[in-house]
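Turn these sequences into a full structure, and let the hints steer you where they fit.
2 protein chains.
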Amino acid sequence: MARDYDENAWFNRLKVGVGQIKTSTGDFPGNVEKVLNAIKKAEELGCNLVVFPEMCLAGCPAHDLLQRPDFVQGQISAMRDVASRVGRIIVLLGFVSRKKEDRIEYLHNAAALCFDGKVLRVIEKSSIGEHSGLEERHYMTKGELAPPVRINRVAVGVLVGDDVLRPGTCEQLAEQGAHVIVAPIASPFRIGATDSRISRIAERADEASVNLLVVNRVGGQDELVFDGASFAVDDYGERIWQAPQFEEGLFVVEVSAGNRPAALPDDLEQVRGALVTSIRDYVHDCGLSKAIVGLSGGIDSALVAALAKDALGPENVLGLLMPSGITSKESTDYAESLASNLSIKTESVPIQPILDTYIGSLSGHFVGKEPDVTEQNLHARIRGDILMAFSNKLGHLVLCTGNRSEGSTGYATLYGDMAGGFCPLADVPKTLVYSLAGHINSRTGQEVIPKTIIDREPTAELRPNQTDAESLGPYKQLDPILEAHLDRGLGIREIVDSGLPEEATRDALRRFYCSQHKRHQAAPGPRIVSARTSSEVRLPINSHFDAWFKFSE
Amino acid sequence: MARDYDENAWFNRLKVGVGQIKTSTGDFPGNVEKVLNAIKKAEELGCNLVVFPEMCLAGCPAHDLLQRPDFVQGQISAMRDVASRVGRIIVLLGFVSRKKEDRIEYLHNAAALCFDGKVLRVIEKSSIGEHSGLEERHYMTKGELAPPVRINRVAVGVLVGDDVLRPGTCEQLAEQGAHVIVAPIASPFRIGATDSRISRIAERADEASVNLLVVNRVGGQDELVFDGASFAVDDYGERIWQAPQFEEGLFVVEVSAGNRPAALPDDLEQVRGALVTSIRDYVHDCGLSKAIVGLSGGIDSALVAALAKDALGPENVLGLLMPSGITSKESTDYAESLASNLSIKTESVPIQPILDTYIGSLSGHFVGKEPDVTEQNLHARIRGDILMAFSNKLGHLVLCTGNRSEGSTGYATLYGDMAGGFCPLADVPKTLVYSLAGHINSRTGQEVIPKTIIDREPTAELRPNQTDAESLGPYKQLDPILEAHLDRGLGIREIVDSGLPEEATRDALRRFYCSQHKRHQAAPGPRIVSARTSSEVRLPINSHFDAWFKFSE
Numbered sequence: 118m119a120r121d122y123d124e125n126a127w128f129n130r131l132k133v134g135v136g137q138i139k140t141s142t143g144d145f146p147g148n149v150e151k152v153l154n155a156i157k158k159a160e161e162l163g164c165n166l167v168v169f170p171e172m173c174l175a176g177c178p179a180h181d182l183l184q185r186p187d188f189v190q191g192q193i194s195a196m197r198d199v200a201s202r203v204g205r206i207i208v209l210l211g212f213v214s215r216k217k218e219d220r221i222e223y224l225h226n227a228a229a230l231c232f233d234g235k236v237l238r239v240i241e242k243s244s245i246g247e248h249s250g251l252e253e254r255h256y257m258t259k260g261e262l263a264p265p266v267r268i269n270r271v272a273v274g275v276l277v278g279d280d281v282l283r284p285g286t287c288e289q290l291a292e293q294g295a296h297v298i299v300a301p302i303a304s305p306f307r308i309g310a311t312d313s314r315i316s317r318i319a320e321r322a323d324e325a326s327v328n329l330l331v332v333n334r335v336g337g338q339d340e341l342v343f344d345g346a347s348f349a350v351d352d353y354g355e356r357i358w359q360a361p362q363f364e365e366g367l368f369v370v371e372v373s374a375g376n377r378p379a380a381l382p383d384d385l386e387q388v389r390g391a392l393v394t395s396i397r398d399y400v401h402d403c404g405l406s407k408a409i410v411g412l413s414g415g416i417d418s419a420l421v422a423a424l425a426k427d428a429l430g431p432e433n434v435l436g437l438l439m440p441s442g443i444t445s446k447e448s449t450d451y452a453e454s455l456a457s458n459l460s461i462k463t464e465s466v467p468i469q470p471i472l473d474t475y476i477g478s479l480s481g482h483f484v485g486k487e488p489d490v491t492e493q494n495l496h497a498r499i500r501g502d503i504l505m506a507f508s509n510k511l512g513h514l515v516l517c518t519g520n521r522s523e524g525s526t527g528y529a530t531l532y533g534d535m536a537g538g539f540c541p542l543a544d545v546p547k548t549l550v551y552s553l554a555g556h557i558n559s560r561t562g563q564e565v566i567p568k569t570i571i572d573r574e575p576t577a578e579l580r581p582n583q584t585d586a587e588s589l590g591p592y593k594q595l596d597p598i599l600e601a602h603l604d605r606g607l608g609i610r611e612i613v614d615s616g617l618p619e620e621a622t623r624d625a626l627r628r629f630y631c632s633q634h635k636r637h638q639a640a641p642g643p644r645i646v647s648a649r650t651s652s653e654v655r656l657p658i659n660s661h662f663d664a665w666f667k668f669s670e
Numbered sequence: 118m119a120r121d122y123d124e125n126a127w128f129n130r131l132k133v134g135v136g137q138i139k140t141s142t143g144d145f146p147g148n149v150e151k152v153l154n155a156i157k158k159a160e161e162l163g164c165n166l167v168v169f170p171e172m173c174l175a176g177c178p179a180h181d182l183l184q185r186p187d188f189v190q191g192q193i194s195a196m197r198d199v200a201s202r203v204g205r206i207i208v209l210l211g212f213v214s215r216k217k218e219d220r221i222e223y224l225h226n227a228a229a230l231c232f233d234g235k236v237l238r239v240i241e242k243s244s245i246g247e248h249s250g251l252e253e254r255h256y257m258t259k260g261e262l263a264p265p266v267r268i269n270r271v272a273v274g275v276l277v278g279d280d281v282l283r284p285g286t287c288e289q290l291a292e293q294g295a296h297v298i299v300a301p302i303a304s305p306f307r308i309g310a311t312d313s314r315i316s317r318i319a320e321r322a323d324e325a326s327v328n329l330l331v332v333n334r335v336g337g338q339d340e341l342v343f344d345g346a347s348f349a350v351d352d353y354g355e356r357i358w359q360a361p362q363f364e365e366g367l368f369v370v371e372v373s374a375g376n377r378p379a380a381l382p383d384d385l386e387q388v389r390g391a392l393v394t395s396i397r398d399y400v401h402d403c404g405l406s407k408a409i410v411g412l413s414g415g416i417d418s419a420l421v422a423a424l425a426k427d428a429l430g431p432e433n434v435l436g437l438l439m440p441s442g443i444t445s446k447e448s449t450d451y452a453e454s455l456a457s458n459l460s461i462k463t464e465s466v467p468i469q470p471i472l473d474t475y476i477g478s479l480s481g482h483f484v485g486k487e488p489d490v491t492e493q494n495l496h497a498r499i500r501g502d503i504l505m506a507f508s509n510k511l512g513h514l515v516l517c518t519g520n521r522s523e524g525s526t527g528y529a530t531l532y533g534d535m536a537g538g539f540c541p542l543a544d545v546p547k548t549l550v551y552s553l554a555g556h557i558n559s560r561t562g563q564e565v566i567p568k569t570i571i572d573r574e575p576t577a578e579l580r581p582n583q584t585d586a587e588s589l590g591p592y593k594q595l596d597p598i599l600e601a602h603l604d605r606g607l608g609i610r611e612i613v614d615s616g617l618p619e620e621a622t623r624d625a626l627r628r629f630y631c632s633q634h635k636r637h638q639a640a641p642g643p644r645i646v647s648a649r650t651s652s653e654v655r656l657p658i659n660s661h662f663d664a665w666f667k668f669s670e
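Respectively, the protein sequence lines represent chains P and G. Mapping to the numbering used here: the first sequence position 487 is 604, numbers consecutive. Mapping to the numbering used here: the second sequence position 360 is 477, numbers consecutive.
Calculated from the structure, these hints are not laboratory results. Hints may contain errors.
Each pair may be met inside one copy or between any two copies, as identical chains are not told apart.
Unchecked claim - Restricting the straight-line Cα-Cα distance to at most 30 Å, the calculated cross-link-like pairs of lysine-lysine (DSS-like) are:
no. : residue 1 : residue 2
1   : Lys407    : Lys635
2   : Lys217    : Lys446
3   : Lys635    : Lys510
4   : Lys667    : Lys151
5   : Lys407    : Lys667
6   : Lys158    : Lys510
7   : Lys593    : Lys158
8   : Lys217    : Lys486
9   : Lys235    : Lys446
10  : Lys462    : Lys510
11  : Lys568    : Lys407
12  : Lys462    : Lys235
13  : Lys667    : Lys235
14  : Lys486    : Lys407
15  : Lys635    : Lys216
16  : Lys462    : Lys259
17  : Lys568    : Lys157
18  : Lys568    : Lys151
19  : Lys217    : Lys667
20  : Lys157    : Lys235
21  : Lys635    : Lys667
Note that the coordinates shown come from a computational prediction; the quantities given were computed from them, not determined experimentally.
Okay, here's the thing in structure tokens:
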């Protein structure tokens, strides 16, 4: 249904700049500069309003830093600094405000409306959100819904953060005459979240018959990736404007009759965008520019290297080959051809001499003991040490190559392949790793990730002829079991009743509950499929799963 | 003030057994057996009531397992199992109850009153506690305060968990005629917590003029250590009975006029008890019996070895010496004499040949680069690998030897000295490490920890003539800075105004905020001084401290 927009539509009277920017937690001088640059650009483009996301100046999530008076004061000073430099353009800027009542200080998630060197008004969030990763309730107090303000003859309602999703808020502002509601938010990505956010907010607009402009944060911070994808819907809830996902910039809201914004990319491309963003921002927020990846010739390290190349550029990614005596020629060949496809540099440090020295040093202590997982883990730990040595010597960040299926079953070596600063695939199930590899090839129309790598049987190659499937069963079976338990909360009985094999289910869950000690020491990675970030999942390390499960049957 | 107790005092009519026991999270069969054994013992001793702690059957903290219906059902089955075997003795047993209202299930922190094969009554906690480590609010719903029950002509009020601390609860039960209030709790240790718990509860008893018996959980679970120290106070708030701290057992409440229970041990002995308990329970809950400690000849590893010996017995502790070319003869001598004092076995794996092989393998890649922290970290990581190899081969748990001062400043090597399953001193500041070492010597009247170790200058010995003080300043200065910031929330300005030097303060805080990535991957350790466990502290990994601090000045 194409609608004609009359000349009085809000976007014809207000030229709005959307500051879909990535700010860094605590980097107030840097954040101020970024905001001021975006304001300048908006002015140059003739905007009369420019909107920035929720908690724009503090960075997000700031977590316990919000309990530090100096941190809170710093971002208030940053807001005042921005306001003092604002000219004849109205700026709406997310920040954390502070109010004293009865000698107690309360923080509010808020937005400042600035104009001509002054803060005209501070608008508070009127609820405490529950959304994952931010944990507002620990830090914030809820404020009052503010009535609309008039900007260039348009009545603009402001809803901070997920106030826009709270039933009744849009109606209330619409009743107070708002022509359009502007919502600065900071809503993180996970698969499906962007689409569901747009459709839920569109529904609110439709219910309240009000126009809505949503300005979302973009960029990675630790385990969260904000996807941007700021958008506008009309009072029927139809999308009339859309900013790109995972792209930083000052975008201008431009609506033309009959010209609908394009659909968002498909899930795989969205996930690729999230992973690339998270790698780039994590590396840069560490003050670094380069990353190093151990290339095994397997699919996980191939995908991480390809994503790192997209994030940092091929000149900033180093692939490290660390063959042992049992590394097959194929593994080395595949790794080399991947690196060549990606145009990234490689170096090779054979680990056998180091392994032999360890085994020689330990043999006198382990007399009469058969080789076992000890020696396998040593392979992995030597590689971890070498990666970290390169990291220390060259200042590259080590990207770990573990995926969610391995992490959930503890099929990984602590201080070995788990060593590193950031783990891009930490929340990507192995079956999704395969899909992403295929997607990367098909979107470029090239065999970026060699087909031989995609087709080979998964192996940790820590002993001859090892395969992942011997230990874990096929991933096509493991991933649905993990998904049923971890994401949908099903118990063993329900999983088996849904058609998955009982023995594999018990084994997967046993592996999950017995490997919490490994996840406790894992590197952070971006949240992609899980409802909660890894820091929000709280499990006892020793939980005697076998005992409790048997008892409850 | 000694009081005379009349013959009708509650403890003359009720012979109460206190089941101050350690249960394991999720080990329902094991927990049931432990409870039944304690009940049997209480019966043999002629008790007519036996009381067990809060969440006795689930184990505590159970965290997100409480969101699993099978887990919750398991411990309800366990409760019913216990109840069905109870004879002519009244049993009060902490568990998690489940109630359905409008098709939604709610959990309550509760206690079951069992007698003669039946559950007579379930008493719910009437509030949601905020106390650190348990996070009730995520899982539980508050119930109703229950009126007293009559047992052997005594009106017994029951308050579950920290209901006993909530203003008004004791008064309310007293008004309803309670002669005594029985409070099953699960209250974890940290320095000063035991004394403050007793005095706060005693105050409630005094205010409400009611007798109180508090039954606390004992034992370690992950980062929490419950200290037991169950106790009774009279209606003036005077302590009339006291169970030991950190000791598991079935204790009988026996009160005699004029015979006051002894004071609790001093802080150092309490901390020693907490650390020993946490090591023992962590190792045992992992299904292991032995531990391994890397002995450097320094005070941290000496203290960890001494505590491990107290926890597990000397036959279950292996000390591993891993000298390099720069390890001084003193370090080896001191480590050997410590081991001999403790009667623990040692083995020695010199790391120089392994280090040389690494350096040989890497030299071609690092041409023209000077030796730096890379080589220092390699020393530490080789030691980590060797400890883990022993752990894998022999099934010993690796105890890390890092302390809180190091952890807070990132003065530790990831995957190096940070490698291990449990870190007993993770929350023990270095200055307290010294006090504990001195305490261990003075309580035994022997030089268990050689004076030479206590007196030597602290060094990581990762390069020649290195000292901790070069990097961190003296610990006597560092620890008060960390304590001011981390425990009292003071900012740089306030710390400096309190008399500590500005440069050292800035440096310590900068080190703290720049090392969150290390703590993110650290092994768990028992909470000793901090208000929150490490999982409860949430800091962004990249937080640009220098930027935000400068901006807020």
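Unsatisfied constraints (hint numbers, rising): The structure conflicts with hints 2, 6, 7, 8, 9, 12, 15, 16, 17, 18, although it agrees with all the remaining ones.
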